[in-house]
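Start from the sequences, fold in the hints, and give me the full structure.
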Amino acid sequence: MMRIELENGHRPTLGQLVERIAGASVLLALSIYFMVGGLDLGLGNPFRPGTGAFPFFSGLVLLALAAAILFQDLQCTGITDRPDWVSFGAIVCALSVFALVTDRFGLLPATFLTVLTASAPDRSLPWWGKVLLGLFMAVLGYVLFIEALGLPFKAFRGG
Amino acid sequence: MEIFANFSAGLLTVLQPQTLLYCFIGVFLGTFIGVLPGIGSMAAIAMILPLSFYLEPTVAIVMIAGVYYGAEYGGSIASILMNIPGTPSSSITCIDGYPMARQGRAGVALFITSIASFGGGIIGMVVMAVLSPGLAKLALQFGPAEYFSVIFLGLIAASAVSNGGALRGIAMVMAGLMLSTVGIDLTTGDLRFTLGVPELRDGVHLVIVAMGLFGVGELIASIKANQSGRGRQEIDYTKFYPNRREWRASFGPIWRGGLIGSFFGALPGTGQTVASAVGYAVEKKVSKNKDQFGKGAVEGVAVPESANNSATQTAFIPTLTLGVPGSASMAMVIGALMIHGITPGPRILTEHTELFWGLVASFLVGNIMLLVLNIPLIGMWVRLLQIPYKLMYPAIIVLICIGVYSLNNNVFDIWMTLLFGIAGYLMRLYRFEPAPLLIGFVLGPMMEEQLRRALLLSRGDAMVFLERPISGGLLTVSALILAYGLWTTLRNSRRTKTTQTHNKTSSNTGASS
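Going line by line, the protein sequences match chains Z and C.
Take 775 as the starting number for the first sequence in my numbering and just add one per residue.
Take 283 as the starting number for the second sequence in my numbering and just add one per residue.
Don't read these hints as lab results, they were simulated from the structure.
Here a beta-carbon is modelled for each residue, glycine too, at the ideal position from N, C-alpha and C.
Hints are supplied without guarantee of correctness; some may be wrong.
[Unchecked claim] Some chain C residues well away from chain Z (every beta-carbon gap over 12 Å; in silico):
1. ALA291
2. VAL408
3. LEU420
4. ARG530
5. THR632
[What the hints assert, rightly or not] Per the computed footprint, the stretches of chain Z lying under chain C, defined by three or more beta-carbons under 8 Å from a beta-carbon of chain C, are:
6. 831-841
7. 868-882
Spelled out as structure tokens, the structure:
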């Protein structure tokens, strides 16, 4: 029987186990989703494959691979590098801010706020530095994309 | 003679003011982005893709190619000055480039890099001009079964030798193939996996996948790396020009690197990193100056740079003549062509002569631009590297957002990019390479179409793929590559296990004593 243990010989905690199998589990879920969807769409026959045939068989291969990866990951450490959740959070928030602000207030406010959000966790840059960078990028975005390239963006919108 | 006539016509196309301008923009932006550590040519192309939609196909592809080889060149600057490879393929340049910088010969190393990149680029261009027409003629005999098999070979080659191991690489290709089925099925008109979201009817846009996986994913990963890993070296930039001995020592490696790079660039799945590594290994064997390798040998900078740049040019051979990209960057080139309504394949040489030969000629013009641009601008790139990354990454994230938003003026695309960005970052953490996913995503629709056609023509007989000689041969090669990839993965996993057991035993012995 396969024995699951850490490099130091201890049994992994639930958190460590979840961390190890998370990647392969997502692939397993994805493969099952596409296989079920493929079956619903119809597999057709070898002469005329149905709409669902390609995703179904791709899903089937992925299912087998994901199972093998799961087995492999159970025997070694899950993730190699420690995640940088601060940078991760800042970038996720920055993209979300851009998505939320652009349609309501226009490109310039969105650009300014995106820069502020992305640089927020960086303590080495003073607040006025972040504001200046945001203003610089907003002006650059306006000049480059709206004036020079003529892209159909609104610089400001009415909320 | 036909080649010269076609090349001259291509040169005339490139020398049009608009093409020339965008070639320059491509080369300049590519170098600019390539210089930034951690952001490679794939992210650079992803960022420039939305802009290319507004251009003529020839101009667009010339600009994208410029970004591609500009980024590969730019990557070597950070390698030499900071020991941080700007692109994966320039990691080999670090081995001798950085010691040269530490010895006060950074200027010479950068100068040799420019010359070697130029030399390699020209060799790659000649190989492309000579080989492509012949390969395209051969490919004209291909039927759906052969196309399916060549795409299959491309996917296997790109995934089986990926850094995360064959299993993970192939899994990513499969994920890419599945993702490519989202949207309307062009054969039947049925909707697939759209989750009822109208924006997904046309599928997921290539730019969104590329920007998310490479732009956002790489950016998150590079913030921490650049905060901790960037150190400033006291480097003497006064000595720029190589002496006579250094010129002589570089000449042979540039030729050898160029030829090695041309070979590996044209093979799907290998690319510039393998080309640079093999070039370096060969040079180390044949050089009279073996002892100096790793300590600042000028040959150790010339050969990987030449191999790298020549591979960059010849990577276009299978991409354009067969429609099979060997790397994620080339997959994006195919995507860009298809957005312009051009299907890469053997007919591209006859139906889009201007585009093909314009691109070949642009390699000459672009490499001259790189040379002219980079020798006087070495100081500027050095200063760019000294700009704190905390100022760079918010600016890059804004460019990504605007680039994606410009696709359809729809914020849904931003949310999708965010989703792929999160996926890209997590994939890195779990050692899944995003490149095979992107290749699978681009090749998926073509593969499905050729599979359907082949089965229709053979009346459902799947043996058609093995019975036709070219197709059968390609599938045999695929099987061999796959077997090699799986064997390597198994061997590496056994080694890791042995090391872990060994470490455990030693720690237990240490604890008991």
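Structure-based check of all given hints:
1. ALA291: The claim stands: ALA291(C) keeps its Cβ more than 12 Å from every Cβ of chain Z (closest is about 30 Å).
2. VAL408: With a cut-off of 12 Å, VAL408(C) remains clear of chain Z, as the shortest Cβ separation is near 35 Å.
3. LEU420: holds (28 Å)
4. ARG530: holds (44 Å)
5. THR632: The claim holds: THR632(C) sits with its nearest Cβ about 30 Å from chain Z, beyond 12 Å.
6. 831-841: With 6 residues in contact (Cβ-Cβ under 8 Å with chain C), the coverage given for the stretch 831-841 of chain Z holds.
7. 868-882: As far as the stretch 868-882 of chain Z goes, the hint holds, because 9 residues have Cβ atoms under 8 Å from chain C.
No hint from the list above goes unmet by this structure.
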